[in-house]
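Visitor: Residue-level listing of the chains:
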Amino acid sequence: MTALWLLDLCLVAVILAVALSAVAARDLFAATVFFVAYGLLIALAWVRLDAVDVALAEAAIGAGLTGVLLLGVTARVHMEARTPGPGRGMRLAIGAGCAAVSVALAAAVLSLPVPAPSLVPAVEAAIPATGLGNPVTAVLLAFRGYDTLLETLVLLLALLGVWSLAPDRLWGGRPGLRHRARPEGTLAWLGRLLPPIGLLVGVYVFWIGSDQPGGAFQAGTILAAVWLLAIMAGLSDAPPVRSLALRLVLVAGPVVFLGIGTAGLFVAGAFLGYPPAAAKTLIVTVEAALTLSIAATLALLVAGAPERAP
Amino acid sequence: MPPVAAPEAGFPWIVLAILLPLAGMVAALPLGRHARALALLLIPAGLVVALLLAAQVWREGEVTYALGGWTPPLGIALRADGFSAVMVVTTAVVLLGVALFAQSSFRAPPGEETRAALLFWALLLGLWGALNAAFLGNDLFNLYVALELLTLAAVPMASLEARAETLAAALRYLFFALAGSVLYLLGAVLLYGAYGTLDITLLAERAGPEPVTWAAAALMTAGLLAKTALFPLHLWLPPAHAGAPAAASAVLSALVVKASFFLVLRLWFDALPGVMTAAAGQLLAALGAGAILFGSVLALHQVRMKLLVAYSTVAQLGYLFLMVPLAGGGGAAQPWDAGAWSGGVLHAVSHAFAKAAMFLAAGLFLRAAGHDRIAELRGMGAALPMVTLAFGLAGLSLLGLPPSGGFIAKWLLLTTAMASGQWWWALVMFAGGLLAAGYVFRALTPLLARTETPVLPGRPVPRHQQWAVLGLALCSVALGVAPLMPFALLQVGRPEAAEEGIG
Amino acid sequence: MRGALLPLLVLATSLVPAVVIFFLSEHAWRTRTAINIAGAVGKLALVAYMLDSVAAGAEYELRFPLVPGLDFLLRVDALALLFVTLSAALWLLTTIYAIAYLGEGPHQSRFFGFFSLCVAATTGIALSGSLITFFIFYELLTLSTWPLVVHRGDGESFAAGRKYLAYTLGGSTSLLLGIVWLEGLVGPIEFTRHGTLAGLDSATLGICFLLLVGGLAVKAAIVPLHAWLPAAMVAPAPVSALLHAVAVVKAGAFGILRVVLDVFGIGLVQAEGLGVPLAAMASLTILYGSLRALAQDDIKRRLAFSTVSQVSYITLGVALAGPVAAVGGLVHLVHQGLMKITLFFCAGALAETLHIHKVGEMDGAGRRMPLTMLAFSIAALGMIGVPPVAGFVSKWYLGVGGLQAGQVWVIFVLAGSSLLNAAYFLPLVYRAWFVPPPGERAGGWTPLLAREGHWGLVLPPVATAAVALAAGLFAAVALSPLGWARLIVARDYGL
Amino acid sequence: MRLALDLFTILCVSAGGVFFLAATIGMLRFPDTLTRLHALTKADNLGLGLVVLGLLPRMEGVAEALKLVGIWLLALLAAATVAQLVARAALRETAGQPGGPPR
Amino acid sequence: MTATLYGLTGAALVGIGLYGLIVRRHALRRLLAFNLLGSGVFLLFGAVAERAGPGGDPVPHAMIITGIVVALAATALGVALVLHLARETGRAEPDPPEG
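Chains as they are written, first to last, in my numbering: chain A, 1 to 310; chain L, 1 to 503; chain X, 1 to 495; chain P, 1 to 103; chain U, 1 to 99.
Accuracy of the hints is not assured; some may be wrong.
[Unchecked claim] So the derived label-pair ranges between C-beta atoms look like this: (1) Pro276(A) - Ala65(P): 33 to 43 Å; (2) Pro110(L) - Ala24(A): 25 to 35 Å; (3) Asp297(X) - Pro462(L): 51 to 61 Å; (4) Leu9(A) - Leu56(P): 56 to 66 Å; (5) Pro276(A) - Pro109(L): 21 to 31 Å.
[To be verified] To be clear about the criterion: a stretch of chain U counts as covered by chain L if any three or more of its residues have a C-beta under 8 Å from a C-beta of chain L, and this derived list gives those stretches: (6) 42-48; (7) 62-71; (8) 77-89.
Derived from the structure by calculation, the hints contain no laboratory data. The beta-carbon is built from N, C-alpha and C at its ideal position, and this holds for glycine as well.
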């Protein structure tokens with residue numbers, strides 16, 4: 001087992017090193033690249049912690065989309081900070097304070113009770129009623145479905161927030177810049193080759209999510225990435241904000257979730273409850289709608305506020 | 001185990017109270033132009049639902065609802081006790097006033113959809129849903145997501161007028177809010193690590209005074225204080241609330257900061273009563289006292305009326321935290337129990353009405369005079385008598401003078417402070433009251449000043465907006481005249497710590 | 001149940017007009033006047049009805065819980081009725097006077113709205129049955145009088161308003177601290193249950209007494225907390241007439257009466273030795289007020305300082321803790337109100353008609369406005385204590401009471417104050433009657449060039465002067481202020 | 001048979017490791033962007049190929065093995081296109097043209 | 001044992017993220033630091049989940065996925081605000097330059 005222990009130590013060391021350099025990097029672009037690398041390493045850490053679903057999510061959302069977001073804006077915001085940060089002494093004090101917080105947290109982690117309280121037995125007892133294999137998806141969509149409902153609304157609200165920054169005259173226009181690529185260039189070639197593979201992998205991840213690690217959020221992110229690649233390769237353009245079709249896709253996930261949840265109120269006796277017989281099919285329907293909405297929302301979040309006429 | 005049998009009888013108003021606004025927000029986007037009509041339909045309906053929920057809590061006592069049929073610790077439960085019912089009703093009433101006010105300032109020309117019109121109403125519904133989710137949730141992680149929903153609805157509201165200073169204010173607000181949420185989540189993680197559940201009722205049974213719980217409580221309280229903008233973490237509030245449009249700043253100041261205050265009370269009184277020490281209560285109240293003095297002094301020096309009202313929010317939030325060490329200090333002499341706790345909550349409610357009225361009034365003065373520099377608003381009292389009266393009545397509640405709700409709250413807090421021998425908090429409240437008198441009358445004086453030529457409002461101020469402002473101010477006064485019903489409703493499902501005190 | 005409705009009705013007769021008038025447009029003066037007069041007459045009728053039933057021993061009480069255990073209590077007892085009768089009667093006369101005085105001035109709806117609200121607050125103070133009710137109306141009085149003081153809206157009145165607020169809000173803070181301290185220890189205090197404070201240690205009692213009386217002393221204009229009163233003279237005449245002669249100043253004095261008689265009880269006040277310092281402060285104010293009045297050239301400021309000194313008679317009466325002195329104090333509450341309001345009315349009429357503001361300009365005023373000056377003279381003589389006007393009665397009782405309580409120095413204070421009163425009132429009377437108006441040959445007796453002001457400015461002072469005279473002449477009658485004061489002291493406090 | 005397969009895995013994976021080491025040293029030592037790109041794409045992909053080859057016998061089913069090879073192919077595809085784009089950007093920079101998005 | 005190691009790493013990352021959030025003035029760097037802080041908290045939560053035995057506790061895993069998505073939403077809003085703030089003022093810091 002010492003080899004695995006060694007791997008963990010190395011991984012942790014590299015993670016901390018990359019994290020420190022991301023914060024301490026002189027130039028913003030370097031910090032962002034370090035951050036993307038950091039995201040991938042954290043995904044590895046999640047695999048080591050037996051949380052494959054989270055590893056997928058971290059790699060796709062944490063490293064992938066957040067990285068694209070930060071890279072995109074770094075390209076467009078060129079200036080370094082002009083307001084002077086805190087002086088040397090102040091920086092040391094803050095550093096010491098943060099170190100103290102870390103040490104306190106470490107002590108707290110170490111002093112957690114040894115027979116760690118766990119909900120694994122409860123989940124194993126309750127999961128047959130949902131007909132799902134993957135416990136994480138069961139928790140996400142059944143036991144704590146209300147969290148996920150609020151979460152999709154968080155995404156929708158974030159998108160509304162981003163759109164609210166558009167100038168009034170451009171309201172209803174197309175978000176983000178118009179990307180053009182040389183038709184015979186390598187990016188255009190990649191834009192034509194990868195999307196089908198991406199779509200296949202996305203749908204596979206969504207479908208397998210019921211029983212294996214995967215699920216709506218990871219699949220949604222992959223599909224969003226595919227759409228972004230197509231936009232960046234100039235093959236398609238971001239839809240205008242006022243188009244009703246786009247808005248219906250955006251709200252499809254929450255609407256289906258709310259609909260089935262309210263139906264559960266009458267059929268299964270509780271809001272967001274599923275009748276045991278049809279639980280799996282209902283959950284998969286909800287997941288399908290969610291995947292669609294999440295893909296569209298995440299892509300548009302990265303594209304940004306409307307900047308061009310419709 | 002199959003989903004539990006339907007929770008006990010009674011229509012689940014608690015679910016509808018959250019479902020209605022959130023469904024409204026989701027529907028607002030595709031409805032585009034008609035979002036305003038949808039909101040004006042849903043908000044009164046929401047008030048009816050809130051009142052029915054309050055009636056249900058009043059009749060049947062505390063209402064708990066296991067979502068999806070899964071009972072905690074696995075599932076998430078909703079809980080509506082007296083405190084949350086009062087806050088839900090307050091939210092509905094304030095939103096009704098704000099909607100009545102904003103229905104003309106955020107109206108798109110017929111047949112067309114404008115940015116501000118659609119987004120104000122969509123964000124308002126989202127904000128309302130997030131508030132109800134925060135007031136009715138009983139699971140700490142679920143409350144984290146509700147807080148995030150609230151932040152992501154409030155930040156764009158603050159920067160709806162996308163000018164440079166509102167964008168900067170919104171960004172600073174976002175950083176404080178996100179730092180607060182992460183610290184709150186960190187505390188929740190530690191609690192889950194130690195006790196295996198995040199349900200408030202279960203935590204109350206399992207949590208004991210161990211170092212892990214103290215660390216978690218400290219982190220969560222720090223996070224929530226950042227979101228409540230309690231001194232010294234208040235830097236983001238004044239520019240954000242003053243920069244927002246009038247209707248938005250009213251909702252931000254009256255309700256949004258109350259949600260994280262509500263969670264502090266849930267944490268200290270419901271989830272971890274045994275864990276919190278009396279010293280921690282004194283520290284929190286000391287920060288509150290700092291907020292009162294600091295906020296009031298700054299409010300005294302403000303030139304613009306909206307900034308004055310925003311700094312007065314910082315000061316009044318200090319009052320709310322004075323109640324923490326006073327809870328349980330009633331002593332035998334008082335014929336009512338949990339006086340301080342109920343007083344603190346009544347103050348939060350009356351402040352919500354008064355602050356909403358004040359911000360809307362300031363918005364009307366801004367609209368009528370084209371600017372809101374206090375010194376140059378001379379004679380506006382004659383031009384807008386109703387709005388000035390509303391501003392004065394709302395000011396009463398901040399001063400804690402009868403007949404406002406603030407007075408009853410201040411009376412309860414003061415008697416408990418003196419009865420429990422903590423007289424220093426009483427002195428702080430008096431100082432706060434006098435300072436508040438300073439800045440309220442400083443704002444009122446130019447309004448009542450008589451000018452040679454009678455001042456006419458630059459742009460006509462519609463009557464219904466004036467009625468909305470006066471209505472909210474009268475709500476705060478009504479709370480002072482008849483506080484019996486809210487006070488009694490508050491006692492339903494009141495935590496024991498509210499009476500015995502903390503630690 | 002009918003009994004509980006009466007106090008509410010009395011309160012409503014000035015609260016309802018206040019709310020209605022606020023929403024009346026400026027030029028609807030006919031309806032406004034009608035509402036005002038109706039309200040005043042209605043209140044007077046109700047008071048008259050209650051006078052004889054309370055004399056017969058009936059008691060009216062309205063109680064509803066603000067918070068379980070903390071009750072909002074309106075109670076009509078003999079002491080309350082004394083103050084309510086005074087304010088109801090004078091409110092009617094002052095309304096007539098104000099309508100005539102303001103004429104077509106701006107913001108009349110706002111003025112009369114706050115005017116009625118202020119009277120409602122005064123009635124509330126009189127009828128309050130518990131400390132919290134008293135405090136609610138006490139604060140309402142501050143809030144409704146501030147807009148009246150700053151009614152003119154110019155720099156000077158805002159300065160006076162700011163000073164007024166600083167003093168009154170400071171006073172209310174100390175009052176609230178005292179109330180909350182006591183209620184924190186013994187629970188809600190009501191005026192009916194005597195002896196609730198018996199168990200407390202004397203240090204707490206002493207400090208609380210200081211806080212309560214200190215807070216009330218601001219409105220009762222006891223030195224050194226009196227400075228706001230002369231400054232508030234910038235307000236229009238009806239405001240200074242009703243407010244500073246009847247409502248605000250009397251509220252403070254009435255509060256001190258309630259605190260000494262009902263909250264602490266005369267026995268406890270004597271036991272703790274708090275009576276003598278209070279009497280000393282009152283006497284100091286009496287003398288200081290009169291001295292400062294002497295030095296004032298402006299008529300209204302002289303009357304203001306005279307009010308400062310006269311109100312302390314009431315406090316002195318109660319502080320001496322003898323039954324006779326208490327009667328003297330109580331009856332002076334009414335008499336001083338009657339006389340002082342006459343003086344203010346006349347000062348207002350003089351300023352409005354003949355534009356006389358300074359004492360020096362009073363020459364021959366009697367010749368030109370004989371009726372007003374007659375009323376002024378009667379009231380002035382009454383203030384000095386010349387029988388048969390009412391002032392003499394209260395000073396007589398105070399003097400006897402002082403002797404009875406063994407405080408001989410009280411006699412010298414009363415005598416000194418009467419002399420000072422004479423010193424600052426008689427010159428006015430002399431100039432008015434015996435000095436010819438400017439531009440006239442001395443010595444000749446020119447025909448009366450009567451140029452009285454508007455009837456609304458003349459009738460009220462004459463009426464109040466007549467009532468002051470009657471209160472002096474028919475003091476022995478049971479329903480006279482003296483009779484009522486004796487009833488209160490004998491029946492309610494068993495002294 | 002087991003021993004031979006294990007031996008084969010160890011050999012291939014260690015060879016892969018060597019190639020990764022070479023790529024890293026190349027990246028650090030080479031003077032300019034283009035040569036570093038050369039090292040990265042060539043050596044890393046070969047290293048990955050060897051590692052995948054080494055792990056093939058340890059996979060349970062054919063599907064698993066195919067997935068592993070699929071991953072390798074995708075890595076190849078990504079490395080190739082990214083190398084092209086970075087090279088174009090480097091040329092654009094060195095040739096003094098404003099560093100516009102290398103499309 | 002690995003759970004505690006990653007728990008300590010999470011605690012360290014929280015420290016680093018907090019440092020970056022407080023010290024850095026540039027809004028994008030503070031957003032980046034916020035993401036570091038968030039992933040540190042989630043790593044801590046993952047370690048807590050792993051302590052419940054091999055295969056980990058699925059409930060925290062679900063919460064972490066929710067947390068990651070919420071963090072992304074917040075970052076997206078932050079980035080958009082920075083973009084428009086930079087366009088309006090030419091600078092990328094929320095606080096006005098002191099002095």
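Visitor: Confirm or reject each hint.
Guide: Verification of the supplied hints:
no. : hint                              : verdict
1   : Pro276(A) - Ala65(P): 33 to 43 Å  : holds (39 Å)
2   : Pro110(L) - Ala24(A): 25 to 35 Å  : violated (56 Å)
3   : Asp297(X) - Pro462(L): 51 to 61 Å : holds (53 Å)
4   : Leu9(A) - Leu56(P): 56 to 66 Å    : violated (29 Å)
5   : Pro276(A) - Pro109(L): 21 to 31 Å : violated (52 Å)
6   : 42-48                             : holds (count 3)
7   : 62-71                             : holds (count 4)
8   : 77-89                             : holds (count 8)
This entry does not satisfy hints 2, 4 and 5, going by the numbered hints stated previously.
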